[in-house]
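Can you make the complete structure from the sequences, with help from the hints?
First to last, the sequence lines map onto chains U and W.
Start counting the first sequence at 577; every next residue gets the next number (the numbering used here).
Start counting the second sequence at 7; every next residue gets the next number (the numbering used here).
Keep in mind that a hint or two might mislead.
Claimed, not checked - Below, computed lysine-lysine pairings styled on BS3-like, alpha-carbon distance capped at 30 Å:
no., chain 1, residue 1, chain 2, residue 2
1, U, 756, W, 253
2, U, 856, U, 756
3, U, 756, U, 582
4, U, 756, W, 257
No lab work stands behind these hints: they were computed from the structure.
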Amino acid sequence: MAEEIKLTQQDRMAVCWRHQFLQGSWNYERMQNGGWCYAMIPAIKRLYSTKEEQAAALKRHLEFYNTHPYVSAPIIGVTLALEEERANGAPVEDTAIQGVKVGMMGPLAGVGDPVFWFTVRPILGALGASMAMGGSIVGPLLFFVLWNLIRMAFLWYTQEFGYKVGSEIAKDLSGGLLGKVTEMASILGMFIIGALVQRWVSIGFTPVVSTVQQSQGAYIDWESLPAGVEGIKAALEQYATLGAAGLSVDKVTTLQDNLNQLIPGLAAVLLTLLCCRLLKKNISPIAIILALFAVGIVGRFFGFM
Amino acid sequence: MGGISIVLVVLVAFLAGMEGILDEFQFHQPLVACTLIGLVTGHPTEGIILGGSLQMIALGWANVGAAVAPDAALASVASAIIMVKGLGDGTADVTTAISTSIALAVPLSVAGLFLTMLCRTIAIPMVHFMDSAAEQGNFRGVELWQLLAIALQGVRIAIPAAMLCMIPAEAVTMMLNSMPDWLAGGMAVGGGMVAAVGYAMVINMMATAEVWPFFVLGFVLACIGDLTLIGLGAIGIALALIYTGLKDLAKQGGGSGGGSGDPLGDILNDY
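Laid out in structure tokens, this is it:
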């Protein structure tokens with residue numbers, strides 16, 4: 577038999593680069609098949625020399641395929657290993673290759689979605705966005721650089737892992753590691769979402785519940801402050817002890833203040849839970865968003881928000 | 007907006023459109039797209055602020071299975087262009103411009119959704135062309151159709167962006183300035199609430215009875231203003247490690263039979 581054909585590191589890097597365009601031709605018929613075939617081309621070129629073999633390989637990799645675009649990397653690694661064996665004469669059937677792809681894409685997509693879309697992206701996004709809302713360029717840069725570093729490292733190292741381990745990986749899949757990763761991601765994700773709801777969903781009810789005149793000393797007596805710089809100093813000193821309530825004689829309590837005494841952000845969490853309910857009833861998120869804008873406008877018009 | 011700015015904006019829109027389907031480099035996320043449009047039009051700070059505000063709303067937008075999320079690419083590109091138009095001659099109020107463009111972004115994200123579906127349908131005949139190229143072992147053919155399909159997704163955002171660039175800036179400024187307070191203010195109020203929808207989408211994907219307590223912990227701890235997001239993240243990771251670790255221990259304990267680590271419980275069980 578002739579010399580063994582091996583995929584070089586350069587070939588595998590070319591596949592990894594092209595794999596980033598996996599979803600480019602996403603279609604309702606066979607979903608990510610076009611992008612998958614596009615990614616496999618450098619390997620097919622290396623492994624098969626006759627036109628017939630190449631055509632067969634291209635067709636083999638245009639079958640239905642759909643998973644999360646990042647966790648697809650270990651799958652393509654395994655497929656590279658299988659194709660390499662096949663090119664060297666091992667009896668690897670078409671169905672075996674397709675079987676590995678289909679067998680891995682389901683469970684792996686189940687990990688990719690919660691880990692990347694619902695844990696890493698919301699966390700990095702919120703981190704960057706909270707800085708960006710102050711106008712700092714560091715926010716977008718941080719998000720973009722960190723995300724792409726994590727993503728590229730993940731794509732390359734898991735593809736190499738899949739390539740080295742080959743079809744053995746199917747055993748690892750049932751080893752419980754994936755379940756554990758998913759569980760940790762959902763714990764971290766839920767924890768952070770809880771924090772984000774408190775910090776970033778803002779509802780303010782403006783109706784005034786009560787207006788009481790505060791007793792002497794509970795507010796800054798602007799009339800009797802000393803003149804000039806001394807006055808500013810005195811006012812600031814009093815403000816430091818009295819807080820915002822000390823700015824005027826009347827203490828105004830809004831509905832929002834009452835709610836905040838229960839726990840700040842109570843209305844936000846109730847609204848979020850309501851949204852969960854509505855989404856479960858298959859109401860489109862877009863409809864809910866538009867309705868919230870309508871509520872906001874009506875609320876402002878009648879002066880209660 | 008000058009000629010070069012328009013070309014650059016359309017280029018950013020093209021990148022965002024491609025990323026809207028690829029989901030790799032994240033050029034379609036508001037934080038990145040709005041910042042880039044702000045940069046090329048000379049309103050970097052406003053672009054960054056808009057990107058940040060819109061990102062908070064769009065955090066949970068992801069297409070998973072049958073659930074369709076609003077399209078972040080068109081939402082961020084279109085709202086950034088509208089904001090830049092509104093800021094044009096400096097007469098409009100920055101806050102109003104930002105909150106209005108966020109509100110306008112939402113219906114546009116629906117339009118983006120329909121355009122995505124259209125592209126995904128057009129991609130069907132494209133992969134059939136790939137099939138016939140594959141039949142002949144024609145590598146170039148397969149590659150060409152893949153690249154064309156990606157470009158189609160880019161054009162999906164680039165064309166609406168170019169059209170928005172054509173709207174005269176005066177019209178947008180006039181609209182912003184003539185808006186009554188209840189409308190502009192109401193949109194800002196609505197914008198503060200819509201983030202809840204994105205968070206709800208994430209919760210619905212991940213929530214089980216087991217992880218709800220962690221949501222409560224996160225919510226309550228966030229009331230402590232001194233804790234930064236990084237601090238909260240560290241607490242979250244620690245909790246996840248502790249919880250899964252303890253759960254493993256409990257499983258091992260259950261496997262070995264007797265030693266449950268609770269002598270009184272053992273006695274009661276044996277009783």
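Structure versus earlier hints, numbers of those that do not hold, lowest first: 3
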